[in-house]
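As you go down the protein sequences, you meet chains X, R and C in turn.
Just so you know, the numbering used here puts 183 at position 183 of the first sequence, and the rest follows in order with no gaps.
In the numbering used here, each number is its position in the second sequence, counted from 1, plus 1000.
In the numbering used here, each number is its position in the third sequence, counted from 1, plus 2000.
Treat the hints loosely; a few may be bogus.
As the list claims (entries may be wrong) - Mimicking SDA-like on lysine to any residue, the simulated pairs with C-alpha atoms at most 25 Å apart in a straight line are:
1. R:LYS1270 - C:THR2110
2. R:LYS1159 - C:ASP2082
3. R:LYS1159 - R:LEU1062
4. R:LYS1270 - C:GLY2085
5. R:LYS1270 - C:GLY2159
6. R:LYS1159 - C:ALA2186
7. X:LYS278 - R:TYR1188
8. R:LYS1270 - C:PRO2018
9. R:LYS1159 - C:PRO2025
10. R:LYS1094 - R:ILE1082
11. R:LYS1270 - C:MET2108
12. C:LYS2151 - R:ARG1284
13. X:LYS278 - R:ILE1196
14. C:LYS2151 - R:VAL1281
15. R:LYS1270 - C:ALA2186
16. R:LYS1159 - C:GLN2023
17. R:LYS1270 - C:GLU2077
18. R:LYS1094 - R:PRO1131
19. X:LYS278 - R:VAL1186
20. X:LYS278 - R:LEU1242
21. R:LYS1270 - C:ARG2203
Stated by the list, open to error - So these bits of chain C aren't anywhere near chain R, every CB distance computed over 12 Å:
22. PRO2006
23. LEU2058
24. GLY2069
25. GLY2080
26. GLU2083
27. ILE2179
28. SER2222
29. THR2242
30. ARG2271
31. ASP2309
32. ARG2314
Calculated from the structure, these hints are not laboratory results.
Ideal Cβ positions, reconstructed from N, Cα and C, are used throughout, including at glycine.
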Amino acid sequence: MTETGTDAELRSPGQLSDPRAERALAPRRWLGLRKGRPGAEGAAPRRPLGVLTVAAMVILLGWVVLAIAAPAIAPYDPLVQSGPYYAPPSGAHWFGTDQLGRDILSRIIYGARLSLPLAVVIVALALAIGGGLGLIAGYIGRGVDEALMRLTDLVFAFPQIILAMAVSAAFGPSTRNAVLALVIVSWPIYARVVRSAVLSIRSSDFLSASRMLGVGPWQALRRDVLPNSVGPSVVLASLELGNAVLLLASLSFLGLGPRPPAPEWGAMIAAGSTDLSKWWVSILPGVAILSVVLAFNLLGDAVRDWLDPRSRRTR
Amino acid sequence: MTGAQADADAGRPPAGTPAAAGPAPVVRRHRRTLARFIGRKVLITLGLLLGVTVVTFLLVQLVPGDPTTTNLSETAQKDPTIVAAFRAKWGLDKPLIVQYFTYLGNLVHGDLGVSQSTGDSVLSDLGKYVPATLELAIPAMLLSLVISVAVGLWAAVRKDRATDHGIRAGALLGLSTPSFWLAIVVLYVFFYLLGIAPNGGRLSAKYAPPTHITGLYTVDALLTGRPVVFWDAVWHLALPVLVLTCLTVSALIRFVRSAMLEVLDQDYIKAATAKGLPRRVVLRRHVLRAGLVQVVTVSGLAFASLLSGTVLIEQIYSWPGVGQYAYRAAVNLDLPAIMGVGLFVALVYTLVNLLVDVLYGVIDPRIRLS
Amino acid sequence: MTAPEPLLRIENLAVSLPAPGGQVPVIHRMDLQVTAGEIVGIAGESGSGKSLTALTLLNLLPPGARVTGSIRFAGRELLGMDERGWQQVRGSGIAMVFQDSSAALHPMLTIGTQLTEHMRTGLGLDSRAARERAVELLDQVRIPQARRVLKAYPHQFSGGMRQRIAIASALACRPRLLIADEPTTALDVTVQAGILSLLDELRTENDLAVLFITHDLGVLSSLTQRAYLFYAGRVMESGATTQVLTEPAHPYTAALLAARPHGLTSGRTLRAIPGVPVVPGQAPPGCPFEPRCAFAQPECRAAVPARVDIGGGRTLACVVAPELTEAVR
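Sequences and hints are given; from them, build the entire structure.
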């Protein structure tokens, strides 16, 4: 039976190490495949994929297909009125229509073309920036490292949604600025995780050994430090994808995301929140969000199980 | 290690007289280090608070266009005296550094700017809305803490059995749910379909709010002897507190569970059982105490989660709190209000983290001395 | 004259632990006994089942573990007791000292609390009497400034002192049997000597039986009266410690003795035992030591050798029973 569950949205204050970061770390070689002695206790046999992991992959695959094939699959144009206002679900419109008569099913399908790629972009950018900074700070140390820690503390001082709101509003709501805001809000966690990985390698014996053998600092960075940072970063990124989708939906719910008439799921929920009798306008897009985020979270867990079986004991 | 300790280690009686040698006066050292520990933390927090103000200031600067157009309401913009006064107050013609210090100075006097939509100072706006949010946040916080610690511990003790999997599945589901959506669903089910919950708001229309003492309707109603109003307020609290608690508990359970698992794995738990202590005592005194540090962390996280939650949820329940204020500010692009709220929230959050850090030192003697 | 009824008599003990593929046996058909006031050693490599035996005696095995056989302590059968019964035995009947004292003492509770908390149920003392006894105990383990120590926390003390405190805590409810699971492994050699002599004195002062678990043959010889040699969850040989270590009967014991670096002169190579220790669940058929044994014969693989009495209070589980005096040198 596969492990389920994801670590919480963990932001820990100032000096203390981030528990989610700790969860993603352990000294290892490429992608964290620990080589145990054959038959020794602790060498984890590769387990077959659990039911839940497979289900998550199927769901995500489904959404990717929907997103790619949207023009072919969606029954109506998402931006154009195709039925009466606020029509309840019926044969013609499976999910009903919204306040402007647009088919909700089509809007949800097209919404995947926004949420999924944007989430990936946000995570990729935050990983690149945060991870890069963490790598440098961890490797160079001292002043640079201290500065980075203070900077991450500062970002962590704001609850994520509040900061994202402020940045997005300051720059003017748009898709691009929403992405910018979310990258600004999420890069520090990657910086912390990568920095932590780098620090643990730096103080490990095998790095000292290779330096003693005459390996230069840049080479050491490339050969020893980098591979060991990849594992935790991948784990973190997979856990963050779901969070990115949620944050994006929250921003657009507030009106600070992609501008209307873009079919972003959060904005669709906001539109329907005024009139509860028209439940299909708000509730159905939320189900879409739930399924995507759940699938991402399950996958993130599976990735973590695969790359860091040692943490299984305390999960 | 002193010579006396080395003696004790090897089993020889301490040389010379008692009292002076031996382990240092431990009780006194505790109090001194605790004070120093707190002092250090406070200093760091002050630095952080300053940093937060810098961030907000910079964000304000980044807004394209003339600050007068973004900060003053339409009518005010037409009046040249108001515009001139505004420019003078915020030092808009001076270099950036001076502007920052003017900003800081105004902040210290409690001036967070004037809201574009309400026309009042952001600070007074906040003063009106904070009690409502507190009335939501406090019960939600307490409930979340109690539930997540109890359930997390239960899941840890029953690791890998059906209960454990069920709890973790539930937590995962809660984590994947958008807060504003859950608020709508719950409202739809309990108000629209079942009719057992109110349609948002803090009180039914037929009751006047109780005299303002604390700003918390429940407390004020009790204090002014109006139990009917008290119960009505509680009834209105039910749904938003429920939603907030569910979301926060989902976020915390995983964390509590793994913290408790680590504790349960420790030798000192085995040793405590080996001494013949009943399981109940071991759980209560040894496991919880060791996990207490994590529980404190959890409180800090719960608080953060609650803050984020209120922004999105208060709107759905027409709850006139800081969250709704922030929501309206965002939707109307009322920049002073947005920045003011952001700053306020960050300040509160930082102070809560300070409290959490201090509590760590109080609970775990090892942290104090490091 | 009959021998006194042993305080602890283990017969046919078999323990298996849950694992992903099913139950894995870790202790096979073990027999062992300890008489009151005696100090008995269990020696063996890591993974031989020594610590698991200790945990079994206190029912501290992980959930899902299966135990069969018989454990009689002070005339009472322990296996099959309910939790309440075990609680009564733990602390006041059998007590344990763990290897890592810094892990075995709760970091956030004062020494005083940890010494006295089990005295209420174990000895029926109220808090004042308990504190007095705690001071007494700290004196017994030779820790100075007892009253101050009661208010302190474990991390304020060195490893040796923490281990003494752990011993004091174990003795708090006057147990008849003390299990010491490698209590000195994590300590310096000088500190170790102090702890060992302390244990010996406490034994005579309190009429305490001690079951001392170690992998160090030197400690075994200096402290214990009788010894059991464990390998792969079975007893290979047993007897009076001096005899077992000077005239070993089992090839495993001989190999252990030969592998010690003690007394080597330059030019002589270190004689390690070839092969690797047995992984639980992957034991070879027949004698578990056979793959690494210099004296192995075909019949060793046929069946697990039974433990036989070879006179003089010694037992041996080996079908070959070779002449070993040469091998030791």
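To see whether the hints hold, each was checked on the structure:
no. : hint                  : result
1   : R:LYS1270 - C:THR2110 : 17 Å, holds
2   : R:LYS1159 - C:ASP2082 : 22 Å, holds
3   : R:LYS1159 - R:LEU1062 : 51 Å, violated
4   : R:LYS1270 - C:GLY2085 : 17 Å, holds
5   : R:LYS1270 - C:GLY2159 : 19 Å, holds
6   : R:LYS1159 - C:ALA2186 : 31 Å, violated
7   : X:LYS278 - R:TYR1188  : 10 Å, holds
8   : R:LYS1270 - C:PRO2018 : 19 Å, holds
9   : R:LYS1159 - C:PRO2025 : 23 Å, holds
10  : R:LYS1094 - R:ILE1082 : 18 Å, holds
11  : R:LYS1270 - C:MET2108 : 16 Å, holds
12  : C:LYS2151 - R:ARG1284 : 21 Å, holds
13  : X:LYS278 - R:ILE1196  : 19 Å, holds
14  : C:LYS2151 - R:VAL1281 : 21 Å, holds
15  : R:LYS1270 - C:ALA2186 : 18 Å, holds
16  : R:LYS1159 - C:GLN2023 : 18 Å, holds
17  : R:LYS1270 - C:GLU2077 : 22 Å, holds
18  : R:LYS1094 - R:PRO1131 : 38 Å, violated
19  : X:LYS278 - R:VAL1186  : 15 Å, holds
20  : X:LYS278 - R:LEU1242  : 23 Å, holds
21  : R:LYS1270 - C:ARG2203 : 24 Å, holds
22  : PRO2006               : 22 Å, holds
23  : LEU2058               : 5 Å, violated
24  : GLY2069               : 21 Å, holds
25  : GLY2080               : 18 Å, holds
26  : GLU2083               : 7 Å, violated
27  : ILE2179               : 9 Å, violated
28  : SER2222               : 15 Å, holds
29  : THR2242               : 25 Å, holds
30  : ARG2271               : 33 Å, holds
31  : ASP2309               : 33 Å, holds
32  : ARG2314               : 32 Å, holds
Going down the numbered hints, you'll see the structure goes against 3, 6, 18, 23, 26 and 27, while the others check out.
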